[in-house]
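**Student:** Each chain, written out:
Protein chains: 2
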Amino acid sequence: MLPFDKLLPFDRTAAPAVYLQVANSMIQHIRSGVIKPGFWLPGTRELAGILGVHRKTVVAVYDELSAQGWIEAVARKGFHVTRELPEVRPGGWGKDGQRSGKGRPGREGQPGKGDWSGRQDREHAFSKEMAAPFYPVERGRFRLPVVSVPPSRLIIDDGHPDSRLAPLELLGREYRARLSNRGGRRPVYATMTAGSPRMREAMVGYLADTRGMQASVPNILITHGAQMSIYIAAQLLLRPGDTVIVGEPGYYVATQVFENLGASLLRVPVDEQGIDVDAVERLSRGRVVRMLYLIPHHHHPTTVTLSPERRMRLLEIAEEKNFSIVEDDYDYDFHYSSSPYLPLAASGHNNRVVYIGSFSKSLSSSIRVGFMVGPEAFIVEATYLRRLIELRGDNHMEDALAELIRNGDVGRHLKKVNRIYQGRRDHLCGLLDSNLGDVVDYRKPSGGMAIWARFNKRAPVKELAGKALKMGLYMSDGQAYNTHNKDYNAIRFGFASLNEVEMDEAVQILTSCL
Amino acid sequence: MLPFDKLLPFDRTAAPAVYLQVANSMIQHIRSGVIKPGFWLPGTRELAGILGVHRKTVVAVYDELSAQGWIEAVARKGFHVTRELPEVRPGGWGKDGQRSGKGRPGREGQPGKGDWSGRQDREHAFSKEMAAPFYPVERGRFRLPVVSVPPSRLIIDDGHPDSRLAPLELLGREYRARLSNRGGRRPVYATMTAGSPRMREAMVGYLADTRGMQASVPNILITHGAQMSIYIAAQLLLRPGDTVIVGEPGYYVATQVFENLGASLLRVPVDEQGIDVDAVERLSRGRVVRMLYLIPHHHHPTTVTLSPERRMRLLEIAEEKNFSIVEDDYDYDFHYSSSPYLPLAASGHNNRVVYIGSFSKSLSSSIRVGFMVGPEAFIVEATYLRRLIELRGDNHMEDALAELIRNGDVGRHLKKVNRIYQGRRDHLCGLLDSNLGDVVDYRKPSGGMAIWARFNKRAPVKELAGKALKMGLYMSDGQAYNTHNKDYNAIRFGFASLNEVEMDEAVQILTSCL
Chain F
158 MLPFDKLLPF
168 DRTAAPAVYL
178 QVANSMIQHI
188 RSGVIKPGFW
198 LPGTRELAGI
208 LGVHRKTVVA
218 VYDELSAQGW
228 IEAVARKGFH
238 VTRELPEVRP
248 GGWGKDGQRS
258 GKGRPGREGQ
268 PGKGDWSGRQ
278 DREHAFSKEM
288 AAPFYPVERG
298 RFRLPVVSVP
308 PSRLIIDDGH
318 PDSRLAPLEL
328 LGREYRARLS
338 NRGGRRPVYA
348 TMTAGSPRMR
358 EAMVGYLADT
368 RGMQASVPNI
378 LITHGAQMSI
388 YIAAQLLLRP
398 GDTVIVGEPG
408 YYVATQVFEN
418 LGASLLRVPV
428 DEQGIDVDAV
438 ERLSRGRVVR
448 MLYLIPHHHH
458 PTTVTLSPER
468 RMRLLEIAEE
478 KNFSIVEDDY
488 DYDFHYSSSP
498 YLPLAASGHN
508 NRVVYIGSFS
518 KSLSSSIRVG
528 FMVGPEAFIV
538 EATYLRRLIE
548 LRGDNHMEDA
558 LAELIRNGDV
568 GRHLKKVNRI
578 YQGRRDHLCG
588 LLDSNLGDVV
598 DYRKPSGGMA
608 IWARFNKRAP
618 VKELAGKALK
628 MGLYMSDGQA
638 YNTHNKDYNA
648 IRFGFASLNE
658 VEMDEAVQIL
668 TSCL
Chain C
158 MLPFDKLLPF
168 DRTAAPAVYL
178 QVANSMIQHI
188 RSGVIKPGFW
198 LPGTRELAGI
208 LGVHRKTVVA
218 VYDELSAQGW
228 IEAVARKGFH
238 VTRELPEVRP
248 GGWGKDGQRS
258 GKGRPGREGQ
268 PGKGDWSGRQ
278 DREHAFSKEM
288 AAPFYPVERG
298 RFRLPVVSVP
308 PSRLIIDDGH
318 PDSRLAPLEL
328 LGREYRARLS
338 NRGGRRPVYA
348 TMTAGSPRMR
358 EAMVGYLADT
368 RGMQASVPNI
378 LITHGAQMSI
388 YIAAQLLLRP
398 GDTVIVGEPG
408 YYVATQVFEN
418 LGASLLRVPV
428 DEQGIDVDAV
438 ERLSRGRVVR
448 MLYLIPHHHH
458 PTTVTLSPER
468 RMRLLEIAEE
478 KNFSIVEDDY
488 DYDFHYSSSP
498 YLPLAASGHN
508 NRVVYIGSFS
518 KSLSSSIRVG
528 FMVGPEAFIV
538 EATYLRRLIE
548 LRGDNHMEDA
558 LAELIRNGDV
568 GRHLKKVNRI
578 YQGRRDHLCG
588 LLDSNLGDVV
598 DYRKPSGGMA
608 IWARFNKRAP
618 VKELAGKALK
628 MGLYMSDGQA
638 YNTHNKDYNA
648 IRFGFASLNE
658 VEMDEAVQIL
668 TSCL
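Here the protein sequences come in this chain order: F and C.
Throughout, this note's numbering is defined as the position within the first sequence, counted from one, plus 157.
Throughout, this note's numbering is defined as the position within the second sequence, counted from one, plus 157.
These are calculated hints, taken from the structure and not from any lab test.
There's no promise every hint is true.
Below 30 Å or equal to it, Euclidean Cα-Cα: the simulated DSS-like pairs (lysine-lysine) are [said to hold, decoys possible]:
#1 213(F) <-> 285(C)
#2 573(C) <-> 234(F)
#3 478(C) <-> 285(F)
#4 572(C) <-> 572(F)
#5 643(C) <-> 601(C)
#6 213(F) <-> 478(C)
#7 573(C) <-> 619(C)
#8 213(F) <-> 213(C)
#9 601(F) <-> 619(C)
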């Protein structure tokens, strides 16, 4: 008889249950060869006596070991250690330097070297390089980093709303109520792939009231933010080699989506009236163009709004050339000097337009709810693709948001923040004029959340950003806006998320850095 | 002088502000030609007198009209209607049958036909077909519908957790607290693309404690559910024509991702021990295989667990053939008869494995938080791709979940529901044996949330599902599991989300439908 009392120590005060401690010790001894394959274990009553534990504890030990395949029960004889040892352990598998005995060669010293006991073994850890090849993301000529914002006292973002003003408490209350609704056993299910029914229904009225758009539920897909809508629309519209027209400068994350799909980019200048439609017509002559990506309000990054005349022209050209327009109207809800222009999608677009919007701007960047509106057949395909990307969104959140749309909270919030953001825009313009007039050139945008601030050459933005960071102010280094043949030396100076005191301080820091 | 008191009626009790009502009437008259281009408007004081409103109201009317370009101010002379009329209206643009007068031809009767006043015009509405071509989603030989679950009293899902048991109230509280935290001005920002820092840090400990996995923060990407991890991993690993190995039968949504990417599928049989590794080796001989998609615990749909020996073999074959393994361990947290086996990713995998998991199973399908663990260089690319798909996840929700992981709520919950689900599994097995023994064949799964219930030919599942629905019970019609050459006539009978009373009723209905 083996000295089981010595072999199987345990600590009643430790966290793991006693039976698990004993079972784990037993496994160690089996694996190390102290307890040999085929060895008959003492009966449960006997071992209980040796260890000074209840018999049920030993039963639990043997149950666990046999469930894991370390020992086998033989009727009326008891338990013996499995003759062909499993390559497993409690929550573990793989055995030091050994193969599973089936003559499979493998490579010496290769996998299987470590195991549970070798948890600290770096060979088990994920490290830097992938062993097998994979395809990196196509990022165009510039391999833009995913920006990591260092902890800073102040942040100049590129045009985010001020979450402090949003009705997030109301939304959070609605959300929590739905999340914990144990009675209403309405499972979140495949049916929700296109968005929660309530949210899609609420969108029908919302689109009509705010944008004059005639859409029905089958025209609407709710996504996890506007970016996902861009991604899905582009996936359906583009194949490698297809031509897509984008503005220059343009929204670089969208451009990367198109590049990643292997599309051929046609960069068309954007001036004070928006994208240059004459250039669109000229450049698309003699080519097949598949789609045009458009930001009609407050083009990213330059913040210009596409003139009504050009909107008309663009639809005409799309008809003539038979391409689709992806209208990313992320900033529609924020227009200050007059009402915003209706979307192209609200006009006689002949089902050429896929319209994209988001509540991440309307409420808070933390609210990831966007939408896509398009012809039903397109939305059907978009829904399929969305299921492949993520089975569905957070339908409770969508329901909560639908409630805020319906009871008018969203409308009231937009009215309120439009007034506030307009004031902040004007305040920032004043600051730029008085403090940075000889360094920064800009045009006051008619809406949105950012000013396109072009610095003159004597003040390289990259350098400035570095200096500012040391003083607790984060700002973009402007690299993201540059394309292969153009250095804009500019940033989008977001004014919506900063109150006047914060803006004063931010501009003060900037001034002192020059 | 025009009869402005007649032309510009308004209603003080109506919702739109008086100045907007007046402005809108004015625009209608300008557009219809009643008020002509070049017409000098009465002074503000005069019009205020005519209409019986405060002078400030008229100032607001003229401000609005001039902001929209309908009228122009001339210093010391007042306002006149713009000579070249803008093709815009309040929140609208486009004009009936007219061009903007710049000699641009366009096509007669083409776009621009409708406008704001034509809001009900169906030509402005999104309808069914897209005008320009697009690429439908590749869905293999079966064009699976996105399932729409009709309202039913009872639902047999394919293995969802019971949200009624989850600590959603705690999570909702944490979430709401973060959402409405106005003080902590930590903007949700680009830095969050890979997941909230807190969540990624919490995952390091969680993966080590529950799965024996050695990963650091740069090895971890938080996604919006496991499906997004599958999609991203597949995008990085596959190009059209690349070979990917999947189990047969297998998880059809994942398979569709691979098909959609143009990959060539190698379907390998799955038996009671999991995927047939001998077949993997045989079929991959003489070919370049890029990746193998694996569900190690409770394979979808058949619920079998991959044996430890096969896990070893699979890693060896992956070494020999130099392919990557995408390990979708969605069901790891639910194993009843013993501890689950450690993931391949916790063994000596030599950076060949990309590990995928989710909290949608651990807590509730409504919680869309999944994760991917892999070599750092792979996670960097995955983060880029994730930004193209959605800029970031819901970082407040991730922070809330991180808190529940850290304070042990998730662990306690898992312990509790494992016990409950085990009981439900056993209860369902008992029901199937006693009520449907001659119709349903199954093997008791060692974990997970569903039983793979194969009906015999006399009971076609599709027909059964139709009958059951009429009695208030929704169940899958089994079509999703079939592949082009195989009709399994089976469903995944989810037992986790039904309590015993509900299960009794569901089986009773099924029995009565036979």
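**Student:** So, against the hints stated earlier in the document, which numbers end up violated here?
**Tutor:** As far as the earlier hints go, 1, 2, 4, 6, 7, 8 and 9 are violated by this structure, in ascending order.
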